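Just so you know, the sequences run in chain order A and B.
Mapped onto my numbering, the consecutive letters of the first sequence carry residue numbers 1 to 110.
Mapped onto my numbering, the consecutive letters of the second sequence carry residue numbers 111 to 224.
Don't read these hints as lab results, they were simulated from the structure.
Check each hint, because a few of them may be wrong.
Unchecked claim - Residues on chain A that point at chain B, a partial pick, calculated with CB under 8 Å: (1) PHE34; (2) PRO44; (3) LEU46; (4) ASN96; (5) SER102; (6) GLY103.
Unchecked claim - Computed cross-link-like contacts, DMTMM-like style, restricted to lysine to aspartate or glutamate with a CA-CA straight-line distance of at most 20 Å: (7) A/LYS45 to B/GLU136; (8) A/LYS105 to A/ASP7; (9) A/LYS105 to A/GLU15; (10) A/LYS79 to A/GLU56; (11) A/LYS45 to B/ASP211; (12) A/LYS105 to A/ASP82; (13) A/LYS42 to B/ASP181; (14) A/LYS42 to B/GLU132; (15) A/LYS105 to A/ASP77; (16) A/LYS105 to A/GLU43; (17) A/LYS109 to A/ASP39; (18) A/LYS109 to A/GLU15; (19) A/LYS2 to B/GLU169; (20) A/LYS42 to B/GLU169; (21) A/LYS79 to A/ASP57; (22) B/LYS190 to B/GLU132; (23) A/LYS105 to A/GLU5; (24) A/LYS45 to A/ASP57; (25) A/LYS45 to A/ASP82; (26) A/LYS97 to B/ASP181; (27) B/LYS189 to B/GLU132; (28) A/LYS97 to B/ASP211; (29) A/LYS97 to A/GLU15; (30) A/LYS79 to A/GLU15.
Computed from a predicted structure; not experimentally measured.
Virtual Cβ for every residue (Gly too), placed ideally from N, Cα, C.
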Amino acid sequence: RKEVEQDPGPFNVPEGATVAFNCTYSNSASQSFFWYRQDCRKEPKLLMSVYSSGNEDGRFTAQLNRASQYISLLIRDSKLSDSATYLCVVNRYNFNKFYFGSGTKLNVKP
Amino acid sequence: SQTIHQWPATLVQPVGSPLSLECTVEGTSNPNLYWYRQAAGRGLQLLFYSVGIGQISSEVPQNLSASRPQDRQFILSSKKLLLSDSGFYLCAWSVQGDLTDTQYFGPGTRLTVL
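Extracted from the complex, chain B is given alone in its bound form (with noise of 0.2 Å):
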């Protein structure tokens, strides 16, 4: 069966400190992988998705980047981090092609900037 697996869980980091999440997905190959930000009580946004090791498609212009070093392995970085940064960051990955299938998240990271 597939996993998802993000690290760290939470994180606490001051303005203008470098920022780097991994999401690492188990027991399938080739996923679509995505980056989510969901601010406190809002809405899911989502930030990157990939459909292959470095293809990278940015969805709202912002500080942050990402990267896809290998097939299930998704990261997301920022060398200088913003208040506006803080949120929940959710990786998620779905199956290529598969109309009929969905998106799976992990567990998240809740980010706090101060």
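So here's chain A without its partners, still in its complex pose (with noise of 0.2 Å):
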């Protein structure tokens, strides 16, 4: 099974909607967790991290269930510059290996 598992897409949505992505993980034992964003042939880059509270960035709210073990997206009023693949990212405790899911990709249409 893998570390980290997501719906690949493509999301196609379009301009102002709401999505959602979901991603889970199966190791308990997972501490950290992030969402980066990668543009078409450039390095991901980091979108924001996931606390147990949930947080928000602007138009970007991250949410971890650890009891169900996934971590939620919610991308609200999307933009076009919103296209991008997304990708989720767990760590361990005493481990130094991020494990990545393979992505989801968004493209957002006027």
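Got two chains here, each in a separate frame; can you build the complex from them with the hints?
What follows is the structure, given as structure tokens:
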């Protein structure tokens, strides 16, 4: 079983829509959680960390459910510039490795 | 502030030729360093990671190797490239022992093996 699983998409949404991505992780010892964004042919860049209490950054909201071992990312009022692949990432205590999901592709259309 | 450099940005190499990709980090000490490969349309595959000079952990058996000759320098090498080595090679760093911190990626090297 993969450490981190994501729906590959693509999610095709109109501008202004709200879209949600989910990600599940298999190891309950996972301690840190992140969402990255990767534009076509570019390196992944950190979008936001995910905290147990949930956190919000503008139009983006991240949630963590430790009991069910899933992480979510909500994007409100989608913009054309939000089109990218969104990667879910987890890290474990006392490990130096980060586990990446394969990414969910988002296409925001006019 | 910290920055990470990779070069070259693009590379076209014939099958059977050697490879050397370099990554350097500035503005931090004793980072964890990582090499990933991303095939076209695929996810990230961890190739190697290092927690210190001369300490390399290999994640997948292959014809690639890595070295860390200096604290902030990480090198990916191959003696003979295969067609399957084509991909987007990304170097990344993270702070040792800090779970709240995350990984930061360099701009990557796009390798095409012909």
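Structure-based check of all given hints:
This hint holds: A/PHE34 has a C-beta 5 Å from the nearest C-beta of chain B, less than the 8 Å allowed. Satisfaction of the interface hint for A/PRO44 is found here, the shortest Cβ-Cβ separation to chain B being roughly 5 Å, below the 8 Å cut-off. This hint holds: A/LEU46 has a C-beta 6 Å from the nearest C-beta of chain B, less than the 8 Å allowed. With 8 Å as the threshold, the beta carbon of A/ASN96 comes within range of chain B, its nearest partner Cβ sitting at about 5 Å, so the hint holds.
Given hint, A/SER102 at the interface with chain B, holds; its Cβ is 3 Å from that chain's nearest Cβ, closer than 8 Å. With a cut of 8 Å, the hint placing A/GLY103 at the interface with chain B holds, because the nearest CB-to-CB distance is about 6 Å. Proposed proximity of A/LYS45 and B/GLU136 is supported: the alpha carbons are some 18 Å apart, at most 20 Å. Taking the CA atoms of A/LYS105 and A/ASP7, the gap is about 9 Å. The hint holds against a cut of 20 Å.
Between the alpha carbons of A/LYS105 and A/GLU15 the distance comes to roughly 15 Å, so the proposed pair stays at or under 20 Å and holds. Taken as a hint, the A/LYS79 and A/GLU56 pair is honoured in the structure, with Cα atoms around 17 Å apart against an allowance of 20 Å. Our distance criterion of 20 Å between C-alpha atoms is met by A/LYS45 and B/ASP211, whose separation comes to about 13 Å. The suggested pairing of A/LYS105 with A/ASP82 holds, with an alpha-carbon distance near 10 Å, which does not exceed 20 Å.
Between A/LYS42 and B/ASP181 the alpha-carbon distance is near 26 Å, which puts this suggested pair outside the 20 Å criterion. Taking the CA atoms of A/LYS42 and B/GLU132, the gap is about 18 Å. The hint holds against a cut of 20 Å. This hinted pair checks out: A/LYS105 and A/ASP77 have alpha carbons roughly 17 Å apart, not beyond 20 Å. Of the pairs offered as hints, the one joining A/LYS105 and A/GLU43 holds, with about 15 Å between alpha carbons and a cut-off of 20 Å not exceeded.
Distance hint between A/LYS109 and A/ASP39 is fulfilled; the C-alpha atoms sit about 16 Å from each other, no more than 20 Å. Taking the CA atoms of A/LYS109 and A/GLU15, the gap is about 6 Å. The hint holds against a cut of 20 Å. Straight-line distance between C-alpha atoms of A/LYS2 and B/GLU169 comes to about 15 Å, which keeps the hinted pair within the 20 Å bound. Between A/LYS42 and B/GLU169 the CA atoms are separated by roughly 23 Å; this puts the pair beyond 20 Å, and the hint is violated.
For the hint pairing A/LYS79 with A/ASP57, the CA-to-CA distance comes to about 15 Å; that is within 20 Å, so the pair holds. Of the pairs offered as hints, the one joining B/LYS190 and B/GLU132 holds, with about 17 Å between alpha carbons and a cut-off of 20 Å not exceeded. Using a Cα cut-off of 20 Å, the hinted pair A/LYS105 and A/GLU5 holds, with the two alpha carbons roughly 14 Å apart. As the CA atoms of A/LYS45 and A/ASP57 are separated by approximately 15 Å, the hinted pair is consistent with the 20 Å bound.
For the given pair, A/LYS45 sits about 13 Å from A/ASP82 by alpha-carbon distance, which is consistent with the 20 Å threshold. Distance check on the hinted pair: A/LYS97 and B/ASP181 sit about 18 Å apart at the alpha-carbon level, within 20 Å; holds. Restraint check: the Cα-Cα separation between B/LYS189 and B/GLU132 comes to about 15 Å, which is no more than 20 Å; the hinted pair holds. Restraint check: the Cα-Cα separation between A/LYS97 and B/ASP211 comes to about 12 Å, which is no more than 20 Å; the hinted pair holds.
Distance hint between A/LYS97 and A/GLU15 is unfulfilled; the C-alpha atoms sit about 36 Å from each other, more than 20 Å. Restraint check for A/LYS79 and A/GLU15: satisfied, since their Cα atoms lie roughly 5 Å apart, inside the 20 Å limit.
Consistency note: the structure conflicts with the earlier hints numbered 13, 20 and 29.
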